[in-house]
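Chemist: Protein sequence lines correspond, in order, to chains A and B.
Residues in the first sequence are numbered consecutively from 1, following my numbering.
Residues in the second sequence are numbered consecutively from 321, following my numbering.
Read the hints as simulated data drawn from the structure, not as lab findings.
Since the structure is predicted, the reported quantities are computational estimates derived from the model, not experimental observations.
Careful: at least some of the hints might be erroneous.
Claimed, not checked - Coverage of chain A stretches by chain B, computed from C-beta distances (three or more under 8 Å per stretch; other residues unrestricted):
#1 126-135
#2 244-257
#3 273-284
#4 299-311
What the hints assert, rightly or not - Computed list of lysine to aspartate or glutamate pairs in EDC-like fashion (alpha-carbon distance at most 20 Å, straight line):
#5 B/Lys386 - B/Asp426
#6 B/Lys603 - A/Asp279
#7 A/Lys207 - A/Asp139
#8 B/Lys367 - B/Glu378
#9 B/Lys603 - A/Asp276
#10 B/Lys386 - B/Glu372
As the list claims (entries may be wrong) - Restraint ranges, calculated between C-beta atoms of paired labels, are given here:
#11 A/Trp21 - B/Arg520: 46 to 56 Å
#12 B/Leu322 - A/Leu150: 23 to 33 Å
#13 A/Arg137 - B/Arg651: 23 to 33 Å
#14 A/Trp52 - B/Phe471: 46 to 56 Å
We put the CB at the ideal spot given by N, CA and C, even for glycine.
Here is how the chains run, residue by residue.
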Amino acid sequence: MTELTQPMPTKPPRSQWANVWDQFRSHRGAVMGAVMFLLIVLAVTVGPLVYWNNAQYVPTGRDFLKLRDMRPIYILLWDPSAKVDWLYPLGTDNLGRDTLARLLMGGRVSISVGLTAMILALFLGTLIGMLAGFFRRLDGPLMRLCDLFLALPLLPMILVASVLFREALSAVLGPEGGIFVLIVCLIGVTSWMPTARIVRGDVLALKEREFVLAARSLGTKNRFLITRHILPNVLSPIMVSATLGIATAIITESALSFLGFGFPPDFPTWGKLLNDAVDRMVLYPERVIWPGLMISISVLAVNYLGDGLRDALDPRIRGR
Amino acid sequence: MLNFTIRRLLLAIPTLLFISLVIFLLLELAPGDPMAQVPLTVPPEVKQKMREALGLGEPMPVRYWKWLVQFFWIEPQILIDNLFGTHFADGKLRVISWQTRSPVMDIVAQRIPQTLWVVGTAYVVGIIIAIPIGIYSAYRQYSWFDQAGTFVSMVGFSVPPFFSGVLVIVVFSVNLGWFPSIYDTTLKVDSWDSFMLQLRQMVMPVMVLALQITAQISRFMRASMLDNLNQDYVRTARAKGLGERTVVLIHVLRNSMIPVVTVIALGVPSIFGGAIITEQVFKVNGIGQLLITAIEANDLPMVQTLTFIFAVLIVMFNLIADVLYGILDPRIRYD
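Isolated chain B (complex conformation) (with noise of 0.2 Å):
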């Protein structure tokens, strides 16, 4: 098993070397320009300069190492600076922003807990409904809930979130009143009442993204659960008298959940991906936010760098779905 995941570590760098190539290769055929909003009193030779000193200067397989460097070199010796105060990469050059003119990793750096707070809870609140839905509908296939629990899950598939979102503005901000429609980011949750603001404004965002993997989700958990039941252990267990509740809960939930784990593994990244639609709706300035507005203003190293953390995510919870998909499997075996 450790033999595998090195050997899938190993090949993840070349995966992410050609992938950062690539989005590096499409930024280049951009044509905008960051000088586009210097004035044109500005003589050519200074706006020249200004180029070189954002390392536009070189040609572009200078530029395309220097941004490697940068990325994998400069940044996580930063990282290791702010954790215990060394003095690593002092004076060090770092991929600069050209909407803000600094660097890039520390506004992703202000922005990932947001995505994350949202995120993060969707998911697990996601999970957390997901999986009985799952479980009772296998159990009582073709009954009425399972009937409503497909429907429902149809249905999250089906309406986009920007619809759903906008939809629960419209009831629960609009007509109730009971949620801001707005995620107010500069809240700080340091009393009671605050924290219970915090909670408010994120229901909604929550919500939508939570359809969605509630969705797909009960799905496969539903589709798991009917693959076990029909299995001889379940009968033998049953045979030899175990009660109704250990045999589905334990023998055949255990059973089922290792292809919904790794599934769920697979998921994270693609929710990154659907929040950018969320994070619009509501809103929100996480890192999806952070894309639109960067692909909006011309940003390319912004635009590169956020576009190649989801290209890692991607990369990296592929790698940990096949490894916890073997250590689940005692019958996967991949040496």
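If we strip away everything but chain A, and leave its shape as in the complex, we get (with noise of 0.2 Å):
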């Protein structure tokens, strides 16, 4: 018997999510994008409470005149005889209402609609990957399903069910509940149809190996088969999907909003202060850029993280 050369390891062995986290964190642009989207969701959470002015503010009388139409004050740059106030950073509207304040309201309800339809589109899309690829007997009827909502023309579907069923959830949940309620939900339901795929695909794999044998052969339920042992090991996929989702729900609202088929007039999200400054972008093309820059960074920082998240959770990539 030759003695152990080797030392006695003093360390533990690395977790399989330090591993994780070294790879993203070596992927420049991913961490940008989880930094910005943090920041943003950060700013559009505290930024209400701790900006000075209300969105829903609108001036009367001859404040009305005096604070309506107000540029940015970065165009003193160029125009220093810009009307402009140290006070609203992003100048007013055509009511008198403050830009950034708006901004920081739309993004409140554009991020929370991402969020929630990815939220739901998650919830779908695995519970039903996960029977289909789980119980043989229901695999056929759910992918067929799956086929058929793949098959689909969404957005049309999406622009005729926002119109038909608004006056109706609007009477049960009011005015906004009703809308927001009603959006996340077309959104959650018409993009379930990849995760369920990736899903079904990667518990098919996992089902026949040992340890789900031998999880079964302990007399395991099906239950906590599905739950402790299976649903662990599809996460990455999962939360891979999470990132893009969150990137097309944004997308996908504010195209609605865009198209006039969103939130009520009033109540401003990114999509729908774009689409109300298009007509006056002649004059005032910052009410356009500013809300349209907010979706392209925030759907940008997204992909990113989602692309560094596949990566850091791809053992065959890792370490490269």
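Please dock the two separately framed chains into a single complex, following the hints provided.
Modeler: Dropping the structure here:
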């Protein structure tokens, strides 16, 4: 017998998530995307509480004339005669409402629609993918359902449905709550298919592995088999499709608002602000550019985040 | 292969029928009434008659059946009549729009050329730009060109068309004054000048759509090239002394195009969907804009027919993509 040449390991072995974190950190774009997205989320949640102007305040009388159509302060750089006020950093709109305050409030709606719709789509996708992969009898019908949804013209259907159910839901949940639930449901119900397909594929492969057999031979019930043993192993593709889901949900919501099928008027979202500003974009291009920039930056950040997450969670790429 | 195509075609029929039923049922829930704009002085019996004249008096299954007959049986006959001057469909009832009281398919036929021109040009331009970018990014992986290409395609993914469209209008139409911001569909191309006008008004919508298409397809092209560049057959080709150009542009490119071609086919219907927004931004009166106005005016036959046309496009191009995949890649056998 030869002695062990290696010294006893003093450090505990590295966990999987430490490896993932290391790989994620090395992807510069992904880290920047994550930081950017967190900043935006922070700004839209805390911003309206900290910022001094109220998004809903509409000045009247002399104030109205004084406060309306203010330009952003950076206009001073090339046009010293512009109508600006340091208390209104991004200016005001044609009703005298503060643009920055409305941007922050609008971001709150856009981001929360994105997050909730993503969670709904993820829940549906994981549930359907799991059922289809795990129970052989459900596989055929559920996957045909998935194919059918993929063959539906989604944007036209969302537009139609958002008009049809608007009144009914507004009556039950109030104008804003009703539209919120409606849009979240519409986006969620129409974007679960990719997640379901990925989850099903992974579950089909995992189901044949020895650890599942071992768990089953110990008498584990199906429910625990799924939640304890299979679900943690399909977590990484679910996380990646979560990030991509946020991006599509934000874009779909803004598109709906832009086409005039979204939230009611004077309820700001980024798409709505952009749409309202299009008519006067020659005189006030900043009112178009800021909401558009916010949509694009959040989606870009989330896309980079998803890219980095995919690389970090894929053990074949890790360590390269 | 033929067997597979026929099987898929047969399978597409129940799929389309089911989709048409889903669309029909969704629209059944519509609260709108086509008689809403008729003056209140019109007596209710007359209103009832008008409603029946629009085909609304009958029970739901009958109306669904009638729509199916009109769309799948009478409209093709009209098409044949128009093409060959025959008289199959004389006096038969067609799908009537509630807005204009004229046949839906006539309006659609008027609108489709505008959409096809803009979307089709954008798709071709996008593909022509995307493929060389994808090839070069993959060939020089992690070079500055690749990094820049990745960034540009990420931006293309992320910037929604309603923002990029408005942005190019602000820059090129308002500030520089190069292109008109509104697409003029009454323009007739009959001279060099009007051709140039047509070209100038197409530049911006095509640019916006092409950015998105380029972003998607160049990513696919790059990934597909990367998969192939490390294969053994590439080493063999280099080892037997073929020039680098031949190896990359003939051996690798041919194999890499297989998945890309199917992605291009699959992308066509989604581009029609995306054109809804672009058409709205540039005021192109294509089918996307027609759909939006029809939804706003509660014109259910028009909405139903248009949505169904989009569905047909999706199902058709899915089929084309599958068949193309089988034809191009001899390793794939469907039987």
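Chemist: So, for every hint listed, does it hold in this structure?
Modeler: Against the structure, the hints come out as follows:
1. 126-135: Contact hint for the segment 126-135 of chain A vs chain B: violated, 0 residues under 8 Å.
2. 244-257: holds (count 4)
3. 273-284: holds (count 5)
4. 299-311: Three-residue rule met by the segment 299-311 of chain A, so holds; n is 5.
5. B/Lys386 - B/Asp426: The hint holds at about 18 Å.
6. B/Lys603 - A/Asp279: At roughly 13 Å apart (the allowed maximum being 20 Å), A/Asp279 and B/Lys603 satisfy the hint.
7. A/Lys207 - A/Asp139: This hinted pair holds, its Cα atoms lying about 14 Å apart.
8. B/Lys367 - B/Glu378: holds (15 Å)
9. B/Lys603 - A/Asp276: Holds. B/Lys603 to A/Asp276 sits at ~16 Å (cutoff 20 Å).
10. B/Lys386 - B/Glu372: OK: B/Lys386 and B/Glu372 at ~13 Å, within 20 Å.
11. A/Trp21 - B/Arg520: 46 to 56 Å: At 52 Å between Cβs, range holds.
12. B/Leu322 - A/Leu150: 23 to 33 Å: holds (25 Å)
13. A/Arg137 - B/Arg651: 23 to 33 Å: holds (32 Å)
14. A/Trp52 - B/Phe471: 46 to 56 Å: Given about 37 Å between the Cβ atoms, the range is violated.
Comparing the model with each numbered hint stated earlier shows that hints 1 and 14 do not hold.
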